[in-house]
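If you read the protein sequences in the order shown, they are chains A and B. The first sequence runs 0 to 280 under numbering that gives the first Met the number 0. The second sequence runs 0 to 275 under numbering that gives the first Met the number 0.
Note that these hints are calculated values from the structure, not bench results. Backbone N, C-alpha and C fix where the C-beta goes; we use that ideal spot for every residue, glycine too. Errors might be hidden in some of the hints.
Reference listing, derived: stretches of chain B covered by chain A, where coverage requires no fewer than 3 residues with Cβ under 8 Å from a Cβ of chain A [said to hold, decoys possible]:
#	segment
1	72-80
2	136-144
3	247-253
Each chain is listed here by its residues.
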Amino acid sequence: MLFDTTQLVVALLWIAGAFALAIALIPLLGTLPPRGRFALISFVTFIAGLFFAAEFFLPVGEDNKNILTDPFQKMQGSLQVITALSLGLGTYGLVRLHLRNAVQRRPQWGYSLVLLIAFVVMAFFSIWNTMAEKGLFGIERTQLLENAFTLLFDYTLIQLDATMFSLIAFYIFSAAYRAFRIRSIEASILMFTAMLVMIGIVPLGKLISDSIGLPAVQTAEMRTNPFMLENILYNLRLPQIAGWIQETLNAPVQRAIEFGVGIGALAMAIRLWLSLERGIN
Amino acid sequence: MSYQHAEDNWFAAILIAFIALAVLVNIWRARRGKALYIRRIPGLDAIDEAIGRSTELGRPVTMIPGLTGFGVEAVQALTIFKYITKQIARFATPMRLLTANATVYAVAQEAIADAYNEAERPDLYDADSVRFLSSEQFAFASGVAGLIQRERIAANFMFGIFYAESLIFAETGNIVGAVQIAGTVSFTQVPFFVAACDYTIIGDEFYATSAYISREPVLLGSLVGQDLSKISFASMIVGGSMISTFIGTDHPIVQLLGKPQGWQSFVEWLSQVLGR
């Protein structure tokens, strides 16, 4: 038995109650004047945001929890429910569009037909497989299910995914060709730096550095005396130069971008929390 | 490192409170009429140019929020798409908004319908122009690439969070000769966009976009607050580097800036200094 009967009844009552509340709220919101509707939505948004902020700032006990931690986790569960509901909405939109394309024989309706057939077949075998895995309604795995599932998911879906992913290699090549064409000083610097990094991080970089006689290891004496000629020569090895470019030039720039993004996201979150952001309102 | 609660590191919590205060104070100043300056962002100036080109060619404009889930990035991306749609509505240029997230799809439908209403062209709104393709990364990528190729789009706007699929979109757009403007907070994808797009909006410029296109005091004030926070962070990095270079990494200030458990030693050091 997957669920206890009482738990199931309580859960169903909660779901029914939530639906009833939502259905009652929609016409109620419609009757409010725009200013009143905005004030109500702003209030609800503020309370919801305050809940998450308070959970973060309130002191915690020995178990690393405060009074809002448990409800916080339940709230996160409810967000998953909203996502699942909207997935249904998205799927409905997708099927409606392609069904209309196929029925009305719009241009390229054949693609829509393929999509609809693939959608139905994949959904059918996926649901069947999940039910068999969980033993729902006494459904068991059969050879047909096994073969169809392997054919559709392992031999078709995963391979199609891999094909799309492998396309990126060709696209990188064509994009890199355009980016690295030497047309200006900046492009030349980019090209030269990219060459150093690419050669430095593959065995060829080590091979070139060894062949021109640059020291292969950094001794303790070299580490304590950075201006020693041998240490300078060691740092001119291609793998060392590539590492320096990645760790000393590239990494700080990425961190700086991350700082900016973090601050921007926080500012945006504050504006949304306080209903100051009017972009899509 | 992320902290589950403020108590894990009070210093991080104080920084968050400081940023929030800087943003709110500057929003308040901007609302009181203080004139604020925002520098030019060429990528955003090019939006109207790209729309104009689509109109001349009579080919659609695509808007892609990437794999963005519903959050601040999605709200920002939809704000930009709403602005673009309002411009498009004036010229009756066709548009496609393609999403991989069902929640974003639901909100996008409302936002785009609103944009047509605000442009006083509700008759042009087509519910099928906002499409949920798939939540699977490469199924979504193939759907977008196919649409770009079939409809020979003239302009492509990519704003949001992107992963490996970014180059598939950008290169396909490039193949059909579309004007492409991308803005993302996913810094690993920035090189691909820079290589394949006409304009790229990087990092926090993405969050400045709504302020730039709307010039609303609230948003401009928020930008000033963000800049003040960035200056404070930069000062802390420079100060921390200097202290650790000249005094040593064991100094309580360096511990406070660099380690989660540095708060306690900093408080003890501060009380000693103040007591003296």
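These are the hints, each one checked on the structure:
A count of 5 residues in the segment 72-80 of chain B with a Cβ less than 8 Å from any Cβ of chain A is obtained; the coverage claim is therefore met, three being the minimum. Taking a C-beta to C-beta cut-off of 8 Å, the segment 136-144 of chain B contributes 5 residues in contact with chain A, enough for the three needed, and the coverage statement holds. With 0 residues bearing a CB less than 8 Å from a CB of chain A, the segment 247-253 of chain B misses the requirement of three and the coverage assertion fails.
The structure shown violates just one earlier hint, number 3.
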